[in-house]
Amino acid sequence: HSQSGQAVAEIRIGILNTPNDVAVARQLGYFQAAFPHQKLKFITFDSGVDANKALLSGGVDFATMGDTNGVVALAAEIPVQLCWINEICGANEALVVRRSAKIKRVEDLVGRKIATPFASTSHYSLMSALSQAGIRDQVTLLDMDTQNIVAAWQRGNIDAAYTWQPTLAQLLPEATVLCDSADLAQQGITTGNITLVRTQFAQAHPRLTQRFVATLDQAHQLRRRNFSQAVSAAARQVGISHREARLQMQGTTWPGASAEFSSAYLGAAGSSGAFVQAMTRTGQFMAGQQTITTAPSEQQFIDFIWKGDQEP
Amino acid sequence: MSKKRKITLAVWLVLLLLWEVVTRLHLVSGILFPAPEEVLRTFVAIWQHGYNGIPFWQHLGITLWRLFSAILLAIVTAVPLGLASGMSTTVNGLVDSLVQFYRPIPPLAYYTLLILWFGIGESSKIILLYLAAFAPIYLAGVEGVHNLNQDYQLSARSLGASKGQIFRWVIFPGALPSLFTGIRTAVGVSFSTLVAAEMVASTSGIGWMVIDASKYLKSSVMFLGILLLGGLGLLLDWLLQRLERRLIFWKGQL
Amino acid sequence: MSKKRKITLAVWLVLLLLWEVVTRLHLVSGILFPAPEEVLRTFVAIWQHGYNGIPFWQHLGITLWRLFSAILLAIVTAVPLGLASGMSTTVNGLVDSLVQFYRPIPPLAYYTLLILWFGIGESSKIILLYLAAFAPIYLAGVEGVHNLNQDYQLSARSLGASKGQIFRWVIFPGALPSLFTGIRTAVGVSFSTLVAAEMVASTSGIGWMVIDASKYLKSSVMFLGILLLGGLGLLLDWLLQRLERRLIFWKGQL
Amino acid sequence: MTALIVADGLTVRYGQQAPILWQTDLTIATNEIVALVGPSGCGKSTLLNAIAGFIPYEGTLTMAGDAIKGPASQRGVVFQNSSLYPWYDVAQNIGFGLRAAQQAPATVQARVTQLLQLIDLEGQAHKKVFALSGGMRQRVAIARALAPRPPLLLLDEPFGALDAFTRQKMQHLMLSIWRQEQVSLLLITHDLNEALFCGSRIAVMTSTSRQLIATLINPYQGRTEPELSGAQLQQREQFQQRLLTLINQ
Amino acid sequence: MTALIVADGLTVRYGQQAPILWQTDLTIATNEIVALVGPSGCGKSTLLNAIAGFIPYEGTLTMAGDAIKGPASQRGVVFQNSSLYPWYDVAQNIGFGLRAAQQAPATVQARVTQLLQLIDLEGQAHKKVFALSGGMRQRVAIARALAPRPPLLLLDEPFGALDAFTRQKMQHLMLSIWRQEQVSLLLITHDLNEALFCGSRIAVMTSTSRQLIATLINPYQGRTEPELSGAQLQQREQFQQRLLTLINQ
Ligand SMILES: Nc1ncnc2c1ncn2[C@@H]1O[C@H](COP(=O)(O)OP(=O)(O)OP(=O)(O)O)[C@@H](O)[C@H]1O
Ligand SMILES: Nc1ncnc2c1ncn2[C@@H]1O[C@H](COP(=O)(O)OP(=O)(O)OP(=O)(O)O)[C@@H](O)[C@H]1O
Ligand SMILES: [Mg+2]
Ligand SMILES: [Mg+2]
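Protein chains in written order, with this note's numbering: chain A, 1235 to 1546; chain B, 14 to 267; chain C, 14 to 267; chain D, 597 to 845; chain E, 597 to 845.
Derived from the structure by calculation, the hints contain no laboratory data. C-beta atoms are modelled at their ideal positions from N, C-alpha and C, and glycine is treated no differently. Treat the hints loosely; a few may be bogus.
Over the 12 Å line for every Cβ pair with chain C, so calculated as not near, a few chain A residues [as the list claims (entries may be wrong)]:
| hint | residue |
| --- | --- |
| 1 | Gln1266 |
| 2 | Arg1339 |
| 3 | Ser1362 |
Simulated restraints, written as ranges between beta carbons of each label pair [as the list claims (entries may be wrong)]:
| hint | chain 1 | residue 1 | chain 2 | residue 2 | range |
| --- | --- | --- | --- | --- | --- |
| 4 | E | Phe726 | D | Gly719 | 34 to 40 Å |
| 5 | E | Glu718 | C | Leu248 | 44 to 50 Å |
| 6 | D | Gly719 | E | Gln834 | 30 to 36 Å |
| 7 | E | Glu718 | C | Leu77 | 46 to 52 Å |
| 8 | B | Gly134 | C | Leu111 | 32 to 38 Å |
| 9 | C | Gly74 | A | Lys1275 | 38 to 44 Å |
| 10 | A | Gln1372 | C | Gly74 | 51 to 57 Å |
| 11 | E | Glu718 | C | Leu253 | 34 to 40 Å |
| 12 | C | Leu111 | D | Thr607 | 54 to 60 Å |
| 13 | D | Thr709 | E | Pro822 | 46 to 52 Å |
| 14 | B | Glu50 | A | Ala1241 | 41 to 47 Å |
| 15 | E | Leu824 | B | Gln163 | 34 to 40 Å |
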C-alpha cells in the first residue's frame, strides 16, 4: 500500500454551503484529526456547474454537488470518480404550488409557470414528475436561482416551483406541496448530493481518499447516534439557526458507508447498486432532454464509482 | 484593401490557425475547448434545428430586441440628462450622485429587486440592460460638456441664444464626439450584461444559450455563443464608427 | 456648503425617508426588502463579528485588493496600447478588432475558460476584472487621440520631436481628459463585474458576501453589500474627480 | 449723447491673482466708436470681456443703466480667436443669432446672403468653417456678430488677420454700418491708423497702468489720408505721435 | 546663393476639391527672407503648410535637395493660430524643441531665459499659456519656433496680434537673428510695410491666380522710413503701389 499520502501538502475540497455531513465534519474537527499532515482548503461552490469546472482545471481534489451534475461530469468525460453520497434528497426538496391556485395534482399544472434552478437535482426531479404526469410539454419552465424564485413568487409571476430549503420555507406559508423528492425516490427517481474525486488524485492517494470517505462517514454515524448534536454542528458551521438546520436535515437521508458501498446504493465490488441504476436512468432522461449529448451506459456508471481501498 | 484591414485579417487568420493547431494537438482539454470545426458543426445544427426547441433566429431576435430597446431607451434618456448635468449645477446635484452610486453596483446583486418590482417578463431584463447602458452615456454627456471650450457657450449667449437653444445648437453638437464614445462603451457594457440579464427566468436568447450550455458543459455551444456575441458586438461597433465618421465631420477640429 | 452639495444631501435624505416609510408601512415584502435600521444592525454585527467567520475588514480588503490590482494593471496596459492604437494604423489593425471583439462578450460567458486556464485562485478573478476594466480605458485612449486637434502633433513634429516624444509630451497629456473619463468608466465597470468574479470558488469578498446572502435570503446582508459597493464606487469616483481637477488644469481649454 | 456703457471703479482679476484692471472708468456713449489701444498684454481684451459679461468684476458696470451680469444679445462680440462652430457651415454660423431670435427662415436667409456679400464670401456659404483661411474665418466671425444688429458691438482686433485691402474694405464697411444704424462700438486694435480712422474717441492703456490712462476725442474719424490737407496730415501725425508716447509710457 | 527650398510645378488641393495651388514655382535661397503677400484666402497658408510638410502635394518640393515628406525639425513653423500646448507653461512650451533634441537641462534653461527676454515676457516663464493675452501667445509661439535654431523658419502672420510698438520690436529682432545666423525665412504678412521692411524678396499671390504671380527683389529691406531720403521714400511708395496693384489684380 502506498504511503505517498504524506507527500501531499494540501487537499482542496469543494463544498456546498449547506448543513450536510461536510459541515458537521468541519465543525467538529474530524478533518483536522484525519489529516494532521495536510493543509485543508475548503472552497465553496454555488452549484455543481462551477464545481465541475474547478475539478476539470485541477483547482480542487474533491467536490460535492448534486448527482445530476455528476452525470454531466461523466457525460463530459471529466476525469473524476464518485466516492461518496453525502445525502439523499427527501422532503427538503419539493414541488410547491400556490394555494390560491387550488391545484391538488401534478396533472393539473397544465399551462402554469413553474420555476426551478436548471441543472440542479430539483430540475431533474421536476422534469421527471412532469413526464410521469404526461404534461412535460404543457407547462412553462423557468430557470431561476433560489432567491429569484422567492421574488417572482411574491410578485405572483410564477404558480409553482421545485426548490429546496431554506427557500422552500419562504414559499410554504402560501403554498401546498404537490410532491417532494422522497415521493419520487420511492418511484426510483432518486436524487442526492454526491462527492466526486479527481481520478488522478484517487489513484495516487488511495489511502487519503479512503480516509476522506471515512471522515464523512463519521458524520453520518454521529447523526444516527445524536441527531441534535449533528444539527447544532452543521448549523454553526453554515451560520444558520438550529431550527433551520434541523428542518433541512430532517428532509435528507445520510446512508453511511456500510450502506453506501452495498447494492442499496453504489454497489460493491464491481456490481451495480440501486443508486447507480437511478443515476443511469437520470442520464438517459437527460440525454432524452438533450441536456447531455449521449447517455452513459450502466457499465460506464459502474466504472464511474470509486472502488476504494476496500480491504479492512 | 487598406493596410489596417490587411493586418486585421492577418491577425484573425493567425488566431484561427492557432486555435486549430492547439485543438488538433490536444494541447488543451477538448471538453472546454472545442475544435473550430466542431463549433462550426454546432452552428450548422443550431441554425437548422434551433436550440432547446426554439429556432436560432428567435434566439437571436429576442436578444437583439432586448439589447436595442435598452440601448435606445438609454440614449434617449441619458443624453439629455448627461448634458443637462454637465451644464447645470442643480441637475448635477440631483442626479449625479445617484448615477455614480448605482453605476458600480453589480447587476447580479440587484436583479432580485428588479424582479420584485418589474416581474420576470421582458421588462426586468430590458431595465437591467438599460441601467448598464445608461451610465456610460450619461458620464460621456457630462464630460463632453465639461471638455467643451467655454468660448462656444459664451459666444452663443452673446448671440442671444436661450438655454434651450444653447443646449440644442452648441452643447449637443459640441459633446457629440464624446457622446459617441459613450454610446460605443454603452453598447459594449450592455452586451456584456446580456448573460446576467438572460440568466434569470429565460428560455431564449443567445445569452441564455451560453449559460444553459455552460451548465451542461456543452462547450461547443458555449463557444458558438461567445463568438456570436463578440461578432455581433464587433459588427455593431463598426456600424457605430461608420455612423460617427459620417455624422461628426468636425472631429479633431474642436 | 456649495449649492450642489446641499441638493445632493437633500436627495439622499429624501431617499432614506422613502425607504423607511416604505418598509414601515410594509408596502413591500420584508424578506427581500429590509428596513434601514435592520441593515444598520446587520452592519454593526458584521463589523464586530465578521461574516462567515471572516472579519469584515478582510472581506473588504480582499475585494479592494482584487479591484485595485485589476484596475492598476488595466491602466498600465490599456493607456499605452489605446494611445498607440489611436496614433498608428499598424497597432490599430493588430489590436483594435481583438478588443472590440472581446469587449461585448459577457464575463460570465468566458469565466469558465479563465478558470480552466488560470485555476480558481486569485488570478482568474483579477484577470476577469482586468478584462472588464481594460476595454473602456483602451477605447478612451483611442478616442482621446482621434479627438485631439491635429495641429498639436504637426507642430511637435516640426519641433523635431520623435515618435516617442510626441507620445509622451503631446498625445498623452492631450488625451488625459479622455483617459480620465475612461478610467472612471473602467472603475464602474470592474466594480459591477465584482459579483461575477467573486461568484465562483470564493469564501471572501464583498461580492461573494452578496451572493452568499442571496442564496440564503439574508436580504439585510445583501442590501448591506449593495450599499457598500455603491458607496465604495461613489467614494472612488469622487477621489478620481478630485485628482482629475488637480491634474488636468487645462480641461476645457483644448 | 447718452451713456450706453458706464464702467465706474471697475476692477477685474483672474482667480486670486493681482487685478489686471484696477478701479478703471469708461463710458461708451450711444452711437460712438471707442477705439481701445495699448501694448500687448496690458488688459484690453480683459476690459472687453468684462463688458461682454464673460468674466466677473468688482465695481460698477452697466449697460443702459442695468448691471451687466453675463453675456446678452445686446452685446455682439468678435473674439480675438474667433470661436466659430465647426459643426455649422459658414451660412449657419452667420445666421446663428438670427435663428436664436427666432426670425423667419426667409429673413435669416436674406440677411445671411447680404452679409456674405459684404464680407466677400458669396460663393462660400456652405463651406465648413475649418476649411476657411484665417482671414476668412475672421470675416465670418464679424458677420456673425453683426447679423442680429446688436446695439453694442465689442470687437477684439477683428481685422488682425486681414490683408491691407480687405482690411480697408472692412473698416469702411464698419463705418457705414455705424452711420446707418444706431450702434455703438468698442474696437480693440493694435493699429494706430485703424484707431484714427475708426474711433470717435481713442482710449489708451499702458503696460503698467491697469487703467485707461486717457480717452481722447479723435478729430480724424472716417478721414483717409488723401482727404486731408498737408497741414492736417501733419497735425494727424502729431496726434498719432502723442498717442504712441502715451501708450509706451 | 544656393537654393534651400525648391518648389517646381507644385499643386496642392484639399481632398477631392479643385486645387488651391496649381503648378506654382518658388525658390527660397539660403539665408534670404521671402515675404509672401496676397489677399485673404488666396492660398498663402496653404503654400506654407505644404512646405512645412503638413499637407500632401503633387509636383516637386524639396529642401536642400530632399523631397519634403512631412514635418521635420529643419523647418520651424509659427501657425496662424498658434497651437501652444495648454498642459505646459510658457517656459516649457518654448523649450519643447530643445528638449526634443535632448539638450542638457541647463542649456535649455539658458536658451529659454534668453528668448523670454527677447519677447518681453521675462517674468512670465511659469504662466499657463491659456492665461496669456493674444499677443503674448503669439510671441511665445515665435520663441518656441526660434528656440531650436532651425535653418528654415516658416512664419504665418506671426505679428498679426501685436501692437505697433511690439510689432516693430519683433521685426527688428527677426532681422537681427537673420543677420547673425544662417537662417532662411518665409514670412506671410498682410502688411505691405512689414513685407518691405523684412523681405529680401517679395512674393505675390492674387485671389484667382493659384500661383505666385511675381517675386520681386526688395531694395528696402531693413530700412526704416527715417533712414530713407525723400526721393527714396517716393520710390518706395511707388514700389508699394506696384505691389498693391499686383495683389489686387
Ligand atoms: N484666463 C486668464 N487667466 C489668468 N490671467 C489672464 C487670463 N487672460 C489674460 N490674463 C492676463 O491678463 C493680462 C491682460 O491680458 P489681456 O488679454 O487683457 O491683454 P490684451 O491687452 O488683450 O493683450 P493683446 O493685445 O496681446 O491681446 C495678461 O497679463 C494676461 O496674462
Ligand atoms: N482644411 C481645408 N480644407 C479645405 N479647404 C481649405 C482648407 N484650408 C484652407 N482651405 C481653402 O483654401 C483656400 C486658401 O486658404 P489659405 O488658408 O491658404 O488662405 P490664406 O492665403 O492663408 O488666407 P488668409 O490671409 O486669410 O489667412 C481658401 O479658399 C480656403 O477656403
Ligand atoms: Mg487681447
Ligand atoms: Mg492664412
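Going down the list of hints, with the structure as the test:
no.	hint	in the structure
1	Gln1266	holds, 15 Å
2	Arg1339	holds, 29 Å
3	Ser1362	holds, 24 Å
4	Phe726/E <-> Gly719/D: 34 to 40 Å	holds, 36 Å
5	Glu718/E <-> Leu248/C: 44 to 50 Å	holds, 45 Å
6	Gly719/D <-> Gln834/E: 30 to 36 Å	holds, 34 Å
7	Glu718/E <-> Leu77/C: 46 to 52 Å	holds, 50 Å
8	Gly134/B <-> Leu111/C: 32 to 38 Å	holds, 36 Å
9	Gly74/C <-> Lys1275/A: 38 to 44 Å	violated, 19 Å
10	Gln1372/A <-> Gly74/C: 51 to 57 Å	holds, 52 Å
11	Glu718/E <-> Leu253/C: 34 to 40 Å	holds, 38 Å
12	Leu111/C <-> Thr607/D: 54 to 60 Å	holds, 58 Å
13	Thr709/D <-> Pro822/E: 46 to 52 Å	holds, 48 Å
14	Glu50/B <-> Ala1241/A: 41 to 47 Å	holds, 42 Å
15	Leu824/E <-> Gln163/B: 34 to 40 Å	violated, 48 Å
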